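Number of protein chains: 4
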Amino acid sequence: MAKQKINIGLIGSGFMGRAHSFAWSNVSKFMDTDFEPVLKVMTYGSKKEAAEEFAEKWGWEELAKDWKEIVARDDIDIIDIVTPTYLHKEIAIAAAKAGKHIYCEKPCAISYADCLEMEKAVTEAGVVHYLNHNYRRVPAIEFAKKLIEEGKIGRIYHWRGAYLQDWILDPNFPLTWQFRKDMAGGGPLYDLGSHSVDLARYLVGEVKTVMAKNYTFTPERPLPGKEAVVFRAGSNNATETGKVEVDDASFMVVEFENGALGSFDVTRMAGGRKNYNHFEIYGSKGCLSWNFESMNELRFLNLEDPAGEQGYRTISATLGGHGQAGVWWGPGHVIGYENTFIHAAADFLKAVKDGSVITPNFTDGAKIIRVLEAAARSSEENRQVLVSEIA
Amino acid sequence: MAKQKINIGLIGSGFMGRAHSFAWSNVSKFMDTDFEPVLKVMTYGSKKEAAEEFAEKWGWEELAKDWKEIVARDDIDIIDIVTPTYLHKEIAIAAAKAGKHIYCEKPCAISYADCLEMEKAVTEAGVVHYLNHNYRRVPAIEFAKKLIEEGKIGRIYHWRGAYLQDWILDPNFPLTWQFRKDMAGGGPLYDLGSHSVDLARYLVGEVKTVMAKNYTFTPERPLPGKEAVVFRAGSNNATETGKVEVDDASFMVVEFENGALGSFDVTRMAGGRKNYNHFEIYGSKGCLSWNFESMNELRFLNLEDPAGEQGYRTISATLGGHGQAGVWWGPGHVIGYENTFIHAAADFLKAVKDGSVITPNFTDGAKIIRVLEAAARSSEENRQVLVSEIA
Amino acid sequence: MAKQKINIGLIGSGFMGRAHSFAWSNVSKFMDTDFEPVLKVMTYGSKKEAAEEFAEKWGWEELAKDWKEIVARDDIDIIDIVTPTYLHKEIAIAAAKAGKHIYCEKPCAISYADCLEMEKAVTEAGVVHYLNHNYRRVPAIEFAKKLIEEGKIGRIYHWRGAYLQDWILDPNFPLTWQFRKDMAGGGPLYDLGSHSVDLARYLVGEVKTVMAKNYTFTPERPLPGKEAVVFRAGSNNATETGKVEVDDASFMVVEFENGALGSFDVTRMAGGRKNYNHFEIYGSKGCLSWNFESMNELRFLNLEDPAGEQGYRTISATLGGHGQAGVWWGPGHVIGYENTFIHAAADFLKAVKDGSVITPNFTDGAKIIRVLEAAARSSEENRQVLVSEIA
Amino acid sequence: MAKQKINIGLIGSGFMGRAHSFAWSNVSKFMDTDFEPVLKVMTYGSKKEAAEEFAEKWGWEELAKDWKEIVARDDIDIIDIVTPTYLHKEIAIAAAKAGKHIYCEKPCAISYADCLEMEKAVTEAGVVHYLNHNYRRVPAIEFAKKLIEEGKIGRIYHWRGAYLQDWILDPNFPLTWQFRKDMAGGGPLYDLGSHSVDLARYLVGEVKTVMAKNYTFTPERPLPGKEAVVFRAGSNNATETGKVEVDDASFMVVEFENGALGSFDVTRMAGGRKNYNHFEIYGSKGCLSWNFESMNELRFLNLEDPAGEQGYRTISATLGGHGQAGVWWGPGHVIGYENTFIHAAADFLKAVKDGSVITPNFTDGAKIIRVLEAAARSSEENRQVLVSEIA
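Residue numbers (this note's numbering), protein chains in the order written: chain A, 88 to 478; chain B, 88 to 478; chain C, 88 to 478; chain D, 88 to 478.
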């Protein structure tokens, strides 16, 4: 018996368009979904030829010039947003008003105020909204969450988060949109910090106070050529430079509402760290650590083991009991970055089916950006900022 | 302009059927292939309902009861064999005679003699044949091969290979076909050893002599229930047991033709090792080590670095220059087991297009099984066996 | 020809008394020293019997009740101070006035003001003064310093320091002097933070601004029994509790004068971390990381290696070229905590011989405590504090 | 109350003379020994001046030209043998006949027959004899032994041992006595293999059968200059070369008497491995692994943990319960190579006091060399050799 079809409209393409297309194409092959996603229509914006090639490759049935056309269509059930951050708000609000479910890339928006508007729109419309902080759906993280919920970590004393990359070490890496405040909201503070704060909120709790220091090591960069995208400079004959408007790094100390003391170090200037999304959690009964670069491993210390036998266990989170790992290839058969997109798509389709809430969503997105705005203000004003100060 | 279609006939299903279906479905989305694979027809054998569900999920257009029907069809270009090992020979020879290109799971066959027959058939037919020792196409391995070819390792003194798993530690794990000599050819010696010998031949060279000791720690096991498959025991009410006909472990010492001294330790009795396909290579100019469980990392020591600055480098083999890694998500964005199947499918389609040879193939398969037969004989006769003794 | 004798007077005993006694006893056996240290006299304070046993074991020739007796003796060349922190000042100043060379445990004193007094006294007296931040003399650290001085790290962007322990996780661990502000100055902020700031100053440079948050998770603890010492609770029947006056943890973000952005996380509440003195340094040409718990290993990334071949090298810092490693057992023969005391003693004796300056010393101690006082003030006032504010 | 003195006579000096001198000098400072060792007399052999300097440094009271003088002295209680291997037999037998207790470097002797003679002599004389396979007394190993004895590993299926070094990679490293069969008995097979077999016998049990392949990659080497010692080539103007009579590497597969299947790979040709004495033990209830280069860490997997929570624990074997670790500096304060010599000296003095047996001893040494002779024969005859064949 064939599954019910559900039609996706994709706004944007690029790196994330590809990852999302992969997920929609494959989710019902690996997971027991209620729907069969149809890659119905995507925007082509200013690059029609490239979009046609992309659509042909991934099976998007139609192309539309403008995202508004897609949002206006009756046959579209899900709006999938993979544009630069600054465009999320307008698209999401329009999609919500049109009654579409929303699957949106992170970070939520370029300001807390924008996030609140988005949250208001989706709440009023009663649509399912999902914000793709995909690392929550790494099996090792799903299992970490389970250990915490089972009480195996106990009271949490410390969170030590770091998200380190190195792709802007070269001062000639061009000024892509990621370096513009009006388009990205912030530098690694927003791009990486939003992921790290999402994991911290998920695993530890809400942040209460922030002290942060943002830094821009390279104040000017060459204007970008056409091929320049995140991670890849492309060829470039630019003689002009532009001003970097965002941080290159942001380090912060935080207090959580539950009394834990934490830190976040995010930067794009850490040599050899390619996508080092790392954390350590120290509790009264157990401790955890994880790093995306070896995402299938969770390190777990059980403080209730006999003292002499204690040690961080390297758990291969590839077994049936490790979150959604069981759907894949078997013990020790590692999975990768894109598999988390399948997990998210499956959970999203389930929420659509059930009319239930999926997290993280725009509510989470707003809370995350609020912390990051507090960090930005702390860095400007050289003082501790209460997250509640950000209105 | 639409790509040329190429029709696949799948013989078998199960774990590997899924992995291959994934690859055929996705290869042309990620890679610049000349063909668009069509998942045309698959066998349903004795489990029609399960096969129908599988076909529906993965988009196989038709089902056929018997593999012979598929081989006989004019519209099928590629025969993809994912059956138990003992069936490879008959299917492959028939497929070759029918002029089909062949994409076959490993190990090649249950005996060297069978492999030779297969090799003869494909050679006479002039079809493309590929044997899916997929670990060769992990980017870290592709890069290791490049370093060796560039002379950065120098003369190789040692290979230390190990392929360790633990899924049969429980003596009640049932007697699936993997424990039967007539169906599997051997235990981990064949299943894991074939992978390890493939990597050794690829990276070091041909094996000349073998001394091996095979061991069966659990001589009897319960007969399997219907759900029992590799890694998963399933529920089982069996009261009867059957004889384990294959090794549970095999350790060997080998000499390579180029004068390197090596070892292979393969076992399914190594607690905590889920899919630990590991090697170390020691050369006169550099050294390498790798382990599938963290497959994106290659460890490389450059003996030409200043003495005090030498150390094993942990390379994140996720950059553009690391074999086929560049097609994926970017630096530090790890990939997993199934991505190697995409790499293999792409290379296979290219060989079909060009009429060229792809490796590993049945010729390699024969050489691998020859080494493993030498190991089996060594263990039986308690003496060193020359690989050339195996005729 | 016998070496010249040099007479040591030891003030204090305990854990550090033992480590220092070991160093004085063995330094001239392993190192080419100009002097033969004589373990001449030590204090016995309130525990005469234990001191007698200690002296007998280690070969201290005489015992004195009061440190003032020792300082007053003409035949003593070196005063070695291993008392609780709050006593350092008075002893050091008296020793300086008496013209003794001073070998002093860390941290320097309980306040910046005290440190300045100590520095003034030794400067006026012209004696050699050494502050035993022993981690500087781990061969891996000595080699890290060399790489930095050779320019192999380039401009430093980030320092990420952490010093994590777990010995006070149990809320019943008793209130030893380490928990009293008047005796210790601070908690891990002083005990561990002083070590971490010493390494940061040594390897990166001076700290300019601090934002810190101190935390005390366990505000009351049982009063200590007689056996209670650092790391070991001893038996305890205490029914009374006392107030913990110091931090249990302190996390901070700092700017260095050279424009690097850094962090320090120090705590005694991190399960499974026994003596985890860790740092990462990220530069424009290379990066380093190290952790005391595997103190013989230095991780080094060379950003001038070909891009695809880059990776953190694990260097076994046990070769001749690695600082003072060459004096020990040979490549890969790891050394331990106490060996650093031998290195320090040798360097100290050389400074005495040459009348030269050894670092770290009281000048360094003052600069370190100044940073820590800035951290304490930052935590109290919830704002960034310039180190220069601390007068 | 002063301890009873016990007089040591040291035969030999060099690397091991220093390590032993260190142990005798310090053992009673750290450990509760019944005796105070006196460094009474040592040989000076052909290098009187160097021996005088050594004796001065370490406090050896007297020098004797010939070991026979020392063995003949009534006031000597313990003969400590640190000569090249081939000299052990004659000295040990003479010492036993003179009623001296014997502390002897490994390997025991250059042949099984010699070992048996030594064993016979000490047994007849009733003296305490100790063979310094010091790795047994690393706290991590002591704790591994405890876990095994408590049944926490269960039935052992596999031993995977490796002892890898790289100091002879350079074909110009000179022909020191370690390359001469008449002086060393074998190459790494004897030097490193004896250590690895000692650990295997200690932790797993007796070896029953051996298949081995020995290799000499560099058949000729320059004759050594005066400074050449193990690990250090020294300056050398040699124009003549000599024949390497021993193996450069030896790989073997073994069966243990208790049914475990094992392997040993020993070599001096493994780049980047400085002193990589490594093993893995796989059992039915738990698994262990260890490597000397991070000797303070033991990896332990408990197969009785819940399946999803299993993983190798990295235990910092620096706590009170970890063998003799408690005598040192405290949790996480790592120790090094020389500390194991203190442990051994303490246990030896206790055996002397109690008249008890200490292991390993000459009986163990004989069993170890028997396995190694079986390996040598296996390699020569290209067949499996029963250890019982070696008479």
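Hints listed in this document are in silico derivations from the structure and should not be mistaken for laboratory results.
Any given hint could be a false lead.
Copies of the same chain are indistinguishable here, so a pair counts whether it falls within one copy or spans any two.
[Stated by the list, open to error] In the DSSO-like style, the derived pairs of lysine-lysine whose C-alpha atoms are separated by at most 27 angstroms in a straight line are: (1) K144 with K233; (2) K233 with K372; (3) K295 with K437; (4) K152 with K92; (5) K90 with K144; (6) K144 with K92; (7) K152 with K116; (8) K232 with K90; (9) K372 with K184.
All figures in this text were calculated on a predicted structure; none of them were measured in a lab.
For this session: At 27 angstroms max between alpha carbons, let me know whether K152 reaches K116 within a copy, between copies, both or neither.
Result: between (30 angstroms within a copy, 23 angstroms between copies)
Exercise. How would you label the pair K90, K144 (within, between, both, or neither) given a Cα cut-off of 27 angstroms?
Worked result: both (23 angstroms within a copy, 10 angstroms between copies)
For this session: Can you give me the call for K232 and K90, within, between, both or neither, at a CA distance of at most 27 angstroms?
Result: Neither: 32 angstroms inside a chain and 45 angstroms across chains, both beyond 27 angstroms.
Problem set entry | Same-copy or cross-copy closeness of K152 to K92 [CA-CA at most 27 angstroms] | So K152 and K92 pass the 27 angstroms test inside one copy only (24 angstroms; across, 30 angstroms).
For this session: Give the relationship of K295 and K437 under a CA distance limit of 27 angstroms: within one copy only, between copies only, both, or neither.
Result: Close neither inside one copy (33 angstroms) nor across copies (52 angstroms); limit 27 angstroms.
Exercise. At most 27 angstroms between C-alpha atoms: does K233 with K372 qualify within a copy, between copies, both, or neither?
Worked result: Close inside one copy (14 angstroms) and across copies (25 angstroms); limit 27 angstroms.
For this session: Go through the copies and call it for K144 and K92: within, between, both or neither, with a Cα cutoff of 27 angstroms.
Result: both (20 angstroms within a copy, 13 angstroms between copies)
Exercise. Quick one: K144 to K233, C-alpha cut-off 27 angstroms, is that within a copy, between copies, both, or neither?
Worked result: neither (38 angstroms within a copy, 30 angstroms between copies)
Exercise. Between copies, within a copy, both or neither: which fits K372 and K184 at Cα up to 27 angstroms?
Worked result: So K372 and K184 fail the 27 angstroms test inside a copy (47 angstroms) and across (52 angstroms) alike.
Hint violations for this structure: numbers 1, 3, 8 and 9, all remaining hints satisfied.
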